[in-house]
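When you get a sec, could you build the whole thing from the sequences and use the hints?
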Amino acid sequence: MIERLGLHVLPHATSTELHWVLLVLGLPLLMGVLGALTRPVRSWPVILVCLLPLVALALLSRQVLDEGAQAWLIALGPLELHWRANALTLLLLLLTQLLTLTSAAYAPAYLSVEIGARVGQAWLWPLQGALASSLSLIWLAGDLLTLYIGLELMGLAAVGLMLLPGRVEALAAGMRYLLLALVGSLAFLLGVALLLGAWQRLDLAGLALAAEPGPLLWVAVALLSAGLLLKAAIFPLHAWLAPVHGAAWTPVSALHAALVVKGSFFIALQLILVLVPGASVAGWLLGAMGSAAVVWGGLLAWRAAKLKDVVAWSTVSQLGYLMLGLALMVGTSPSVSAAAWEGTWLQLAAHSLAKAGMFFATGNLVFSTRQSSVRGLAGVSRGMPLSLLSFGIASISLIGLPPSGGFTAKWLLLQAALEGGYWLWLTALAMGTLLGAAYVFRILRYSFVEGGELGEFRRVPWSMEILALMLALASLLLGLVAEWPLSLLRVAGGAP
Amino acid sequence: MSQAWLPLATLATSLLMVPLIFALPERAWRLRTVLNLTAALLKLGLVALMVLGGYQGAEYRFSFTVVQGVTFLFQVDALGLMFAGLSSLLWLATTIYAIGYLEDSPNRKRFFGFFSLCVASTIGIALAGNLFTFLLFYELLTLSTYPLVVHRGHPKALAAGTVYLRYTLTGGLLLLLGVVALHALVGDVAFGERERLAELGPDAHLMLTVLFLILLLGLGVKAALVPLHGWLPRAMVAPAPVSALLHAVAVVKAGAFGIVRLVYDVYGIGLTYQLGLLTLLAVIATVTILYGSMRALAQQELKPRLAFSTVSQVSYIVLGISLFGPFGTIAGLVHLMHQGLMKVTLFYCAGNYAEELGIHRIDQLNGAGRRMPLTSIAFTVGALGMIGLPPVAGFISKWYLGMGAVQANMPWVIIVLVASSLLNAAYFLPILYRLWFRPGPAHGVGEWPEERHLGRFETSGWLLWPAVATALFSIMAGLFAGLPFSPLDLATFVTAEEYTP
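Chains X and A, in that order, give the protein sequences. Take 1 as the starting number for the first sequence in this note's numbering and just add one per residue. Take 1 as the starting number for the second sequence in this note's numbering and just add one per residue.
Don't take every hint at face value.
Unchecked claim - Straight line, CA to CA, 20 Å or less: simulated SDA-like cross-link-like pairs of lysine to any residue:
{"id": "1", "chain 1": "A", "residue 1": "109", "chain 2": "A", "residue 2": "33"}
{"id": "2", "chain 1": "A", "residue 1": "156", "chain 2": "X", "residue 2": "442"}
{"id": "3", "chain 1": "A", "residue 1": "156", "chain 2": "X", "residue 2": "68"}
{"id": "4", "chain 1": "X", "residue 1": "306", "chain 2": "X", "residue 2": "169"}
{"id": "5", "chain 1": "A", "residue 1": "109", "chain 2": "X", "residue 2": "169"}
{"id": "6", "chain 1": "A", "residue 1": "156", "chain 2": "X", "residue 2": "446"}
Said to hold, decoys possible - Simulated coverage check for chain A against chain X, where a stretch passes if three residues somewhere in it have a Cβ under 8 Å from a Cβ of chain X:
{"id": "7", "segment": "58-71"}
{"id": "8", "segment": "80-94"}
No lab work stands behind these hints, which were simulated from the structure alone. Glycine is no exception: its CB is placed at the ideal position from the N, C-alpha and C atoms.
Written out as structure tokens, the structure reads:
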């Protein structure tokens, strides 16, 4: 597992090769400041400028793909920071930058049409930049200190973004989120302190070798995971998710569901695989949580009355799949964990794309119909066909129907569960599919209702519709081209 | 020689139509019509090209890796070509019919968009070269037919759509589980690599039997095998061209075609026989045939009667497969085509009666033969074919089924055939009697429920000619069964491949 995560690579003595990483980390922040100063009103300049970090990422990719996984040791006085980049890191960075780009491109039209001129707007840009940078830091981090810094920065940026609407609900939701994030961080810090006290080191590769199983390790891992899973909205710590999304701006919701919860999940996955790779009890516990999340999240989404709540609760259910994938990697045979490894990352990418696309489409539909309830959708197949189509395509991936990325990911997870004989997880995956279909088609069904008077539809700027469609299509086609990212995972410093 | 472009182009003709149609505005119906017909003709041409090539031994293959160990594979074989040919022929006819049927109704853009997607899925199913690819398009078919079923948007249609999804998505999930399990067991099996499963040896037989049952359950939902048929009669609320397509080539046939693939190209007929699963199939088919016919007899409305008749008729295909021996195989395969032609004719005619005269119930049909002679002749041809009278195509199917039963040493099947033919006659002949021999509004007795004069002929030409054409095809398939390129010839070709090792 250490090898798959790219933690086995020893750092180079020279730090000259660090510049591409620093560019990848720093450029989003810079763009954010630039955005605050210029306040763009069109999408295309935003897209053009956001291509810059992608160029930096391309250069970093060349370095990694040519020379294999990279690791860096950065000494800041007495502190040592361990960073590394392998193919997985690159893919996660690519996902982060693409989603930040689309979210930033969605923002100008959204701000001018829906929010109108208000003071809070300028803050959106630097906060989004900070979010992208802190996420990139999390993907790159190889020690607990960097991870903690990334986690805190990400949490603060997310809280800031939540507070932007300035309404009472938004403030309440933002404060609630802040409180939760703090509790999560506290648990995380306690876990880190325990590990530091016992083995005097914070780098993950070193801890993997040094840590000995025992009550101390178990308590530390439990504290770390509890804090992180709270932040990642994993069942049963998920209840805060929907209210937060209900109040936030659409591009913020999209980024949050697509990336922020994944950041915490990624850290949790990394720690569990590094510290307790063979603990099958942990595997069963994680799997049980994942199964419960899949089923309960699906049920909540099915019963929800508001459109945004359906989308938010479906995130809980989808994160359950990720937990099931993780469960299939802990204490299982190599072939099972290999399939689960690929399935998990594919599921993460597919869900991020589909969920962001779905939030955009939902935002468009809610804006156009002026109704936040599911029932308000009657007749949108005539009034807003494109956004409805985007919603439908994104939901194909969420249900896990072919040819979407969600389907291929589910295929891999099913294969892993079958090979290992984990019938319970298999049942959970199957239930998730049916529940997914139930909550998605409940919405689509309303859109086909004819008769009754149709409300007026507000026009939505085309850039908002196109971006939703692009993300949805990306999640759909990912299923067919999945071999490309997955082969990258296998060859470029990812193979065990 | 391997030409990858031909199957891809065939799929693309209908798949690329989808974004094109969605991009056109609702009112551009002329351009949409031209596009639809061009694509349908183009595809018919491409399939004809593949059929010609296939007879000359050309190979068409296209594949790429989706994830490690799983490939997307298009592989053109005779069986696939049969289904592709049927699908593209009936697509052309149904497109013409739908243009006439939906004239002036709302949401035509949406209808034709999903209609094209639906046909693209059936072509994908036909050309699929392994179970993974088959599953891909099988599920796509579910998704693309849902909007067609609920097209009218009234509560009854929406309720039918929900039932439809409950059945088909659960079936799809079972199929997915079965396919993944088969993958875990033997890896990627391309259609035709029958020896792969047979080589596993007797230890795997229990597992293989369980997997066969799971896959059969998944496929049986769409094939409307009793007791998984509940969605089909309800889906009748859809517009007539959709019902025609659903019953003749798309959904029901996809299920039946899947069962054919499963038995012949995945398990192989030998292994299926060895596992004792053919007897099971024969029993299921018998129950479905008899039950469907009985229910059809009890229906008072035209479309539900036709729907239950589909339940019964599609199982002839399954019955043919379950008879071990070349004749049974030929019967099953040829009925795949024949039932499509005859059933689509019957549905067009039912739609014509509803559109022109407002007729939905069977007792309203009195004397309609005089008012709408061509439609009624087409209906008569279809109905007689279903009963199995020569020279209509249905006779060939039943003849070969009978011979297959003798060959497989299962004489009780002949009794089933006789019983079912009697039942078919019992529910079709009264309709024909009413059409031709009972005096009705055309003779001055009573009034049509809702008469409209849609065109120069007895009804609009768009509605009339497809029905006449498919009726003609049904007769020709029976009359010229001995000539090359007839359905029977194709079925014999496929069967020869199957039974020569």
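Against the structure, the hints come out as follows:
no., hint, verdict
1, A:109 to A:33, "11 Å, holds"
2, A:156 to X:442, "15 Å, holds"
3, A:156 to X:68, "60 Å, violated"
4, X:306 to X:169, "15 Å, holds"
5, A:109 to X:169, "41 Å, violated"
6, A:156 to X:446, "13 Å, holds"
7, 58-71, "holds (count 6)"
8, 80-94, "violated (count 0)"
In summary, the numbered hints that this structure violates are 3, 5, 8.
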